[in-house]
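**Q** Could you build the full structure based on these sequences and the hints that come with them?
In case you want the letters, here they are:
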Amino acid sequence: MTAALRLNDVTICYGRHVAVEDVTWEVEDHDFAAIIGPNGGGKTTLLKAILGLLPLAAGSIRIFGHPPSEGRDQIGYVPQFHTFDFSFPITVSEMILQSRLPQGRRLFSRYSEDDYQAMEKALDLIGLSGFGDHPIADLSGGQQQRAIIARALAGKPRLLILDEPTVYIDAPAEELFFSLIEELRKTMAVIIVTHDISAISGKVNRIACLNRRLYTHGDATITDDMLTSVYGCPVDLIAHGVPHRVLRDHRGDRDD
Amino acid sequence: MIEILGLGFFQNAIAAGILAAIACGIVGSFVVVRRMAATSGGISHAAFGGVGLGFFLGIDPLIGAAIFTIGAACILWYLNVREMQETDTITAAVWAVGMALGIIFVSITPGYPPDLFSYLFGNILLVPTSDILLMALLLGVILAVVIALFPRLVAVTFDPEYAAVMGLPVSALTLVLFLLIALTIVPLISVVGIILVIALLTLPAATARLYTQSLKRMMITAVLIGVGTVLIGIALSYASNLPSGATIIILGAAIYGVALAGRHLLLP
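Here the protein sequences come in this chain order: P and V. For the first sequence, our numbering gives the first residue as 404, with consecutive numbering after it. For the second sequence, our numbering gives the first residue as 279, with consecutive numbering after it.
Because the hints were derived from the structure by calculation, they are not lab data. A few of these clues could be false.
[Claimed, not checked] The calculated lysine to aspartate or glutamate pairs, modelled on EDC-like cross-linking and capped at a C-alpha distance of 16 Å, are:
#1 P:Lys-589 - P:Glu-567
#2 P:Lys-451 - V:Glu-364
#3 P:Lys-559 - P:Asp-517
#4 P:Lys-559 - P:Asp-476
#5 P:Lys-451 - P:Asp-432
#6 V:Lys-494 - P:Asp-536
[Stated by the list, open to error] If you want the footprint, here are the derived chain V segments under chain P, 3+ residues with CB under 8 Å:
#7 422-432
#8 499-510
Cβ atoms here follow ideal geometry from the backbone N, Cα and C, with glycine treated the same way.
**A** Structure representation (structure tokens):
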């Protein structure tokens, strides 16, 4: 089976500055994967390259076996929340239908019955049924965030990528969010990208740390070594409200 | 007041006002939500270069203006989107260079200096029938482009990065938006003049935005507000013998002010 995402020796440069170097990683279908790393560590850069918005200096990216320019049709992308202008005059359904605008659609064409069905289904899945005609400005912050996820889902993706998804989600909503992702994993692979280590759920089955280079440990634990190499100094490993421990004990910690 | 409606120049004024207001409501809505008012100001002032060229070559100054607004839109798009230059810097430069070219063309045109005042501040009562036909043609092009590309233009205006991920040609669609502004400005020059254009482009759309929650409804509302503003403005300027362009703009600002105050009362 082809991997949902395969990165092979990916290097990305801005002029002479190497932002991402020699990254090799693989995410299988139905994985719940996480890329963590400090701000400025190249997360956004790597994400843009996966989405086909930035050229590679070296290496290759494959999405279900296809280069980003073709494979991005399979990706559902949930951008960072703060990049949105929620005062924009647009209804929830109009925003969600944007994911049904594939290239090559004819001029003057209207959305089809299929498009509307995909939109309604995404709203239903995300718990916003009946909100289609509401302007996005009238939704609460949490509802706006879910509406953006619904937009990605309406495109029927096989790989869902969420950029800093938990920033605006409070603790009770976080549990709902992670159970939604569990549900989505039945039909797609999910990758979350975040600088917030405590936002990683125990459900994550694949973790990589990115700070120019990518550090992986093979399974879903973050080790002291990984964090030290990524963040440059030992980080206090405290996991808030995480159902399973994803963070290993500090090396040299006293036994209690 | 009623018998004046039978006069040709007055009929032309009303036709020009309605055509300009329709283009304004549609394209002005994009300008307001995408925050392109300064870009629009740059394009409209660059049109003065075209007016000067029109006098120099002895052709319709409005055709010269159309050439210059389209040229200015292409230059601004190229510098902004392709060369990543700062929007406000290049807008200011295109703005002033267009005006400078206009002055130079006028100064090297032999004979008496032409009436620049009506191009700078508009005189809707002087619009010839040939310009009405040009306006109708431009409006037809604007409507066709907006209807053909509407969902794409909304996607690019709302969230350009997502539109790029969707594989939409974001840079080309941005050029389309700039060109739509250029085509809208040409008929506006006869109505309110180069200097006052930005206000008629933005005020009806800004007023409509206060009461609408989707871009389509915002455009329809802005068209109605714009047509009303222009027609009442023409009547007021005729009745009080005040300049038409300035009267229309002040009326538009007053309507916006009342709408803003009204919203506080209606939607607490």
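**Q** With the threshold set at 16 Å, check whether the alpha-carbon distance from Lys-559 (chain P) to Asp-517 (chain P) stays at or below it.
**A** Answer holds: Lys-559 (chain P) to Asp-517 (chain P) is near 11 Å, not above 16 Å.
**Q** Do at least three Cβ atoms from the region 422-432 of chain V come closer than 8 Å to Cβ atoms of chain P?
**A** Answer holds; 6 residues pass the 8 Å Cβ test.
**Q** Test coverage of the region 499-510 of chain V by chain P using CB-CB distances below 8 Å; three residues minimum.
**A** violated (count 0)
**Q** Lys-589 (chain P) and Glu-567 (chain P): Cα distance at most 16 Å?
**A** violated, 22 Å
**Q** Can the restraint linking Lys-494 (chain V) and Asp-536 (chain P) be considered satisfied, given a maximum Cα separation of 16 Å?
**A** OK: Lys-494 (chain V) and Asp-536 (chain P) at ~13 Å, within 16 Å.
**Q** Hey, Lys-451 (chain P) versus Asp-432 (chain P), does the alpha-carbon distance stay inside 16 Å?
**A** The hint is violated at about 20 Å.
**Q** Do the alpha carbons of Lys-559 (chain P) and Asp-476 (chain P) lie within 16 Å of each other, as the hint requires?
**A** Holds, at about 9 Å.
**Q** For the pair supplied as a hint, Lys-451 (chain P) and Glu-364 (chain V), confirm whether the alpha-carbon distance does not exceed 16 Å.
**A** Roughly 23 Å between the alpha carbons, so the hint for Lys-451 (chain P) and Glu-364 (chain V) is violated.
The structure fails to meet hints 1, 2, 5, 8 from the earlier list, while all remaining hints are met.
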